[in-house]
Structures are given as structure tokens and as C-alpha cells.
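Student: Residue strings, one per chain:
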Amino acid sequence: MIGIYAFLHVPLLILCGFSFNSSKFTVWEGFSVVWYEAMWNDGALAEAAWNSLVIAVASTAVATAVGTLGAYGLWKKNAKLLSGSMYLSLVTPEIITGIAMLATFQWAFRYLHLQLGMTTVILAHVTFSMAYVLLVVMARLRTADPALEEAALDLGATEWQAFRLVTLPMLKPGIAAAALLAFTVSFDDYVITALVAGVDSETLPMVLYAMARRGANPVVSAISTVIFVGLGLLIVVSERLQKA
Amino acid sequence: MRRLRALFLLPAWAFTLLLFLAPMGIIVVYSLRTKGVYGGVGGPWTIENYVRLFDPLYGVILLRSFVMAGAATVGCLVLAFPLALYISRSGTRKTLLLNLVMLPFWTSFLVRTYAWMFLLRDTGLINSVLLGMGVISEPLPLLYNDGAVVVGLIYGYLPFAVLPLYSNLERLDRALLEAAADLGAKPWEAMLHVVLPLTAPGMRAAGVLVFIPSLGAYLTPDLLGGGKSMMIGNLVQNQFTSARDWPFGSALSLALMAVVMLLLWALLRRDGEEVF
Numbered sequence: 304m305i306g307i308y309a310f311l312h313v314p315l316l317i318l319c320g321f322s323f324n325s326s327k328f329t330v331w332e333g334f335s336v337v338w339y340e341a342m343w344n345d346g347a348l349a350e351a352a353w354n355s356l357v358i359a360v361a362s363t364a365v366a367t368a369v370g371t372l373g374a375y376g377l378w379k380k381n382a383k384l385l386s387g388s389m390y391l392s393l394v395t396p397e398i399i400t401g402i403a404m405l406a407t408f409q410w411a412f413r414y415l416h417l418q419l420g421m422t423t424v425i426l427a428h429v430t431f432s433m434a435y436v437l438l439v440v441m442a443r444l445r446t447a448d449p450a451l452e453e454a455a456l457d458l459g460a461t462e463w464q465a466f467r468l469v470t471l472p473m474l475k476p477g478i479a480a481a482a483l484l485a486f487t488v489s490f491d492d493y494v495i496t497a498l499v500a501g502v503d504s505e506t507l508p509m510v511l512y513a514m515a516r517r518g519a520n521p522v523v524s525a526i527s528t529v530i531f532v533g534l535g536l537l538i539v540v541s542e543r544l545q546k547a
Numbered sequence: 022m023r024r025l026r027a028l029f030l031l032p033a034w035a036f037t038l039l040l041f042l043a044p045m046g047i048i049v050v051y052s053l054r055t056k057g058v059y060g061g062v063g064g065p066w067t068i069e070n071y072v073r074l075f076d077p078l079y080g081v082i083l084l085r086s087f088v089m090a091g092a093a094t095v096g097c098l099v100l101a102f103p104l105a106l107y108i109s110r111s112g113t114r115k116t117l118l119l120n121l122v123m124l125p126f127w128t129s130f131l132v133r134t135y136a137w138m139f140l141l142r143d144t145g146l147i148n149s150v151l152l153g154m155g156v157i158s159e160p161l162p163l164l165y166n167d168g169a170v171v172v173g174l175i176y177g178y179l180p181f182a183v184l185p186l187y188s189n190l191e192r193l194d195r196a197l198l199e200a201a202a203d204l205g206a207k208p209w210e211a212m213l214h215v216v217l218p219l220t221a222p223g224m225r226a227a228g229v230l231v232f233i234p235s236l237g238a239y240l241t242p243d244l245l246g247g248g249k250s251m252m253i254g255n256l257v258q259n260q261f262t263s264a265r266d267w268p269f270g271s272a273l274s275l276a277l278m279a280v281v282m283l284l285l286w287a288l289l290r291r292d293g294e295e296v297f
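Chains as they are written, first to last, in the working numbering: chain A, 304 to 547; chain B, 22 to 297.
If you're looking for bench data, these hints aren't it; they were derived computationally from the structure. We put the CB at the ideal spot given by N, CA and C, even for glycine. Any given hint could be a false lead.
Quick list of simulated restraints, FRET-style, between CB atoms [stated by the list, open to error]:
no.: 1; chain 1: B; residue 1: 38; chain 2: A; residue 2: 337; range: 48 to 56 Å
no.: 2; chain 1: B; residue 1: 207; chain 2: A; residue 2: 517; range: 54 to 62 Å
no.: 3; chain 1: B; residue 1: 219; chain 2: A; residue 2: 457; range: 21 to 29 Å
no.: 4; chain 1: B; residue 1: 161; chain 2: A; residue 2: 337; range: 25 to 33 Å
Excised from the complex, chain A in its bound form:
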């Protein structure tokens, strides 16, 4: 059992550990933060990180809103084509989603004055993270009691009030969990992003990929550690907030 847990965790721990190595090579030569300094002073990296953050925040906001409304809409009135498409989009290999979106954007550009860039990346991210949001919020709705809304309507609430004041507050923990998931899948994505990105929209995973491809580079270990710790903190903080 320990072996399997080690298999899961040791590779990441080693990577984090060696990001503090003063040598460029995989031989331990003493503690140092040079790679973190190099990371901090890299302008292209900072720009990519900023792009990733903007894309993740924007697409999470839109995907959470669209997905939550969609889940509520599907709650009683099941639209098989829509829910089926959602499940299908979750299991579609990323490379296929990516090339299909690329082909669509290229086709649409014949008629629109647009090009690949931040907009296309955000649109793509909303589409794939929306499916996660929908699934998580729908799971939460399955445990909700429809009688509560009916009671509100009987007592004179409008449809909107019943949604806004009765059901939406019940869904809050589910929506928070869904938003967190949407944020992490957006922040992580490389395959789809690289296909639909333009010159102005290089993201952190794209830079990381290019560096990893070029060969051994301790800066990659440093960035990895920051992402690992950052996402970990985000999850811990959001769990705390949900409990409070």
C-alpha cells in the first residue's frame, strides 16, 4: 500500500525538493532559491501567468453562470440532447475538442473580422468547463426538494423570486465547488489552449510545455512547485470558506 501511495506522491515531492537545489544538475549541492529568482525575473513568464489568470477568471465566471442556469433549467425539464452533449464533451479527447474548435473558428473568421487570441481561448475554456459546472450543480440539485419552490410559488413568490431566494441559496456550496473545478481545469489546460491561442494569448502551461520540451531546466521545477502549492492553497481556503 505504501508503495502505491509513494508512486502517487514521491515524483511530485522530488520535483518540488529539487527546485531548491543550487545546482542545475540532478545532484544535490545545497539549498538555494536561485531558480525562484530566475522565475520571478522572467518577463515572458510573468506575462503568460497573467494571461492564464485572466483567462481562468473570465472563463470561470461565465462557465459558472451559464452552467448553473443550465443545470437549473435541466432540473425538471430534461433536454436529452443537451445533457447528452455535456456528457459527451467530458469524454471527448481534448485533442479532438481542440482541432474541432480550431476548424470552427477558422471557418467563422472568413465572415468575421476576428483572429485567434484571448477571445477564442476564453470561448473554448467556457465550453469545456461549463460541462463540469453543469454536472456538479446537477448533482447538488438532485438532493434538493422541489416542494420548497412550489411552496414559495403558492405563497405568492414569482418564478424569479423562487429561484433567487429559495433554490439558489441551497445551491451555493455546489456552485462554489463547481467554480473551483472550472478554475483549475481552465488554468491547467494545455492541449485545447495551444490550438486556439494566438500571438497575444500565450498561457503558463504553454510556456511550461515549451520549456519542458527543450530539456532539463530547474526553472520548470520551480514553476511546478508554485502551481502545486498555489492550487493546493486555493482548495484548502475554499473548503474553509464553504464550511464557515
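Following the hints, position chain B against chain A.
Tutor: Chain B alone, transformed into the frame defined by chain A:
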């Protein structure tokens, strides 16, 4: 009530139609066209692209994809079964142990793949340690081969196998094991003849959930296989970028989608209620 609900579905419909269903439709259309002179799509309608799927040149890559995805699936099941069994019998520590399995999953997939490059490359940790200890005199070629890709796939998708197996084992009636013991079965006999058959639905679900993403993997074979161990995903990407043969890339994508949908359909038909 109805009107508001219909209105709420509109944005989700818009995104699904414009950015999921329409793109898939475009891929279907492209797969039936010919490659244009400058790499675009044009020319007459044809089924040539689908015929080319059976060309031995590509057959090797398709076959390798199935073999590697199969190996990753077997590897995941072999590791996940004892792990899920152990967690399901851990009493109060269940949640903690399950969260520990899910933990690496929350990190970037790219970071997790890079961690293996860091371990396996010629100047990586494993080779450095072995060279330092004098066990080997030249670095072992651990990275950029089929083995590295399979390890990366197992590492990436192990949680997909643990979760369905765990929920299956969790619901298993302990009395059955006691009954087997009372009737004289040794623990391994009870495991083989009682537990294994009863966890078949969990095994099938775990298998499909690992096999599907493994078959369509792009990043793992790209980074850990380094072009020497191409899978379908890499071939698709290649057709859309350097080869600039969008129609053939589209046909490949649809063939992959067909396999994915067939597997899911078979799983849902067989144990839809037990698993989901």
C-alpha cells in the same frame, strides 16, 4: 415556471450548439472532403480518408495506441484494486486515504508529466543516482519509449480506476466473506470466488474510464514518448499542423470518437444502474 426554465437553458444551448455540436459537424463534413492545394479543405466529396485509416503506415500507430491504452488499463486495475480494497476497509481513515489518492489529481497534468521527465531522462534523478552508486556506467534510456508513456498514463489516470472500484467494494456485503470463511474457504479463495466476481461492474467501469482517456492521450505520448512513441492523438495533431491534411485528421478524430462512444455505450447498457 416553464418559461423561466427555458430561458435559463438558452446560454448553455448556445455554447453547446455553436462550440461543441457545430465543431463536431464541421469535422464530419471535413472528413468527407479532400485536402486543398494550399492545405485547406476543398475538392470533391470522398470516403478516401476513411479508407486510409486501414493503411499499414497508420495502422502501426493505431495498433500501438490500443496496446498502450490496454497496458495502462491493466496497470491501473492491478494497482487500483488492492488500493481500493485497503481504503474500503480502513474505517475512519477512509476519507483521508481517498483524498490522498485524489491529491495529485488537483495539480496540473503538465506538472505531473514533467515530474516523470525529471525522474526518467538521461540526466534525470534515477540515472544520476544509479551512476553515482556505480551500478551502471552509462545512463539507461528510460525516457522517450513506450514504457515511459505507459507509466505516465498509469500515473495520470490511476484515480479514475480507484474511485469506481472503491464505491463498488464499499457496498460489498461483508457477511458474504464471513459465509465463505465459515464454509471453509481460505482468504484467497474467498477473494477469487466471492469478491472478484462481485466487483466486476466496478472493474468494467474503472477499465473504461482509464482506457478512454489513455486511447485519446496527447500530452503523455508527446512528452514522455518524444515522437518515437506516437499515439492516435499525436497523429491527429500532426495532420492538423505540420502535415496540413485536415480531412484525414478529421476522419481519424471521428474514428477515435466512435471507439470512445462505443465503449461508453457498452458500459452504460451493461451496468448503467450499478455504476452511475
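Student: Now, for every hint given, state plainly whether the structure supports it.
Tutor: Status of each hint after checking the structure:
no. : hint                        : verdict
1   : 38(B) - 337(A): 48 to 56 Å  : holds (51 Å)
2   : 207(B) - 517(A): 54 to 62 Å : holds (56 Å)
3   : 219(B) - 457(A): 21 to 29 Å : violated (47 Å)
4   : 161(B) - 337(A): 25 to 33 Å : holds (29 Å)
Hint compliance for this structure: hint 3 alone is broken.
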